[in-house]
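Chains as they are written, first to last, in the numbering used here: chain A, 8 to 329; chain B, 2 to 120.
Honestly, the hints are just simulated from the structure, not real lab data. There could be a bad hint or two in this list.
[Unchecked claim] To give an idea of the chain B side of the interface with chain A (calculated C-beta under 8 angstroms), a few residues:
(1) D7
(2) P8
(3) G9
(4) V12
(5) G29
(6) P38
(7) A42
(8) S46
(9) L47
(10) G48
(11) V51
(12) H52
(13) R56
It should be emphasised that the depicted structure is a prediction, and the values quoted were computed from it without experimental measurement. Glycine included, each C-beta is placed from N, C-alpha and C at the ideal position.
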Amino acid sequence: MRPVRRRALIVALPFALAWAVVLATFTGLRDRLPDPLATHFGADGTADGFTGTGAFLSVVTTVLLGSGLLTLVPTLRLTKGLRPQRLAVALGYGMSALLGYAFAALLIANADAVRASRVSQPLWHLGIALAVAAAMGALGWLIASRDTAPGAGPGKGAAAPRLPLAEGEVATWTRTVGSPVLLAVGAGTTLLGAVLVTVGPGTGAWLIVIGLITTASARCRVTADRRGLAVASWFAPRPRMRIPLDRIERATSREAAALSLGGWGYRIRGGGSALVFRSGDALFLTLATGREFAVTVDDAATAAALLNTLIERGRPAAGERG
Amino acid sequence: MLFRVDPGSAVPLADQIAASVRGAIADGTVRPGERLPAARALGESLGVNVHTVLRGYQRLREEGLIELRRGRGAVVTGDQPTARARLLEGVQGLVVQARALGLTDEEVLTLVRTRLAGG
């Protein structure tokens, strides 16, 4: 089963189960239930609130399936497994058990009552409900804890690619990547600045500076080697951005749209950052901090394979310059 | 493009660097007009001397695969580099096979000459 479906099932199952249990109880007791049902009880256990059976079933369905859906949707976008979310999963299990028990107990208490006003629900039912909820919550916690990062399951990053290297062999992967978008924006900004400068002094000079920086970074060289990953402008080795090898956990590659990475240029998103030149092949690094770094570059698969191989080899060679 | 050098190999490091570029041009990973990394940066990255890298680049220039220009670095030539790199790899294969058979250089050249004369 795909991890997304498995996680969705794990998270949504208790709500569906609770709903099924309540529904089954209702069907079983159908002939013995009064209408309206007693649905609220005072501290002494006597009924003081009443609801029609139709309304009761609507509420049960809405509450249980609705909260199931609400817990389900965020898990569809998870990439790291349920383990970090195990508290939320446990709360979902506990809550569904609490509601399921309460609804079912309510129906049982109503059974055989001639008039709903005669139904009583002792307070100790709440104690049992909480105990059942706690047990189900613990179960949810255990199940979610076993669902670790996708690397453990048959997920997309299951097999990080490798590149066979001989003992002592040194390898460097390097490639330039250009961005028509950044080039156009940079050139446009520079031009606008130039026009403003001729009209009169002011912000024009700043626009020229920003435009030139953007133009300069519109084409970069990405290098993966024993020191890690480096991105620098194509015409000069510095300034550059560097991620040391010992800070990289894992490397993968896949197609990515520029907009899905947050747009063009250097983007910071929730959970990571990205250098986006264009849509297409991109290299994704999982960092030791748990964050992600992405850079769009052709032939990213080779870069990912090399980095994974070098990570396995251990720390970068001594005596390097950085 | 992937550069691989094995200091333990009998093949000189400069030739290994040249072979990496030749292979990348032959399989189309590197296209005409593309710049090779600066010799100094590549040397630092691979942990080899900058002069070794330049020797490898020089070899590629002699083979007509790249142009070396002051200030512009090494650029893959626009003159059918892919086909040329494949031909060079073929020549390399010929030399390796001939050596494995124990043929002398003169015998290899005679073989090639005969083939060329035969059209």
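Practice problem: Provide an ascending list of the numbers of those earlier hints which the structure does not satisfy. | Solution: Violated hints (numbers, rising): 4, 5, 11, 12 and 13; every other hint is consistent with the structure.
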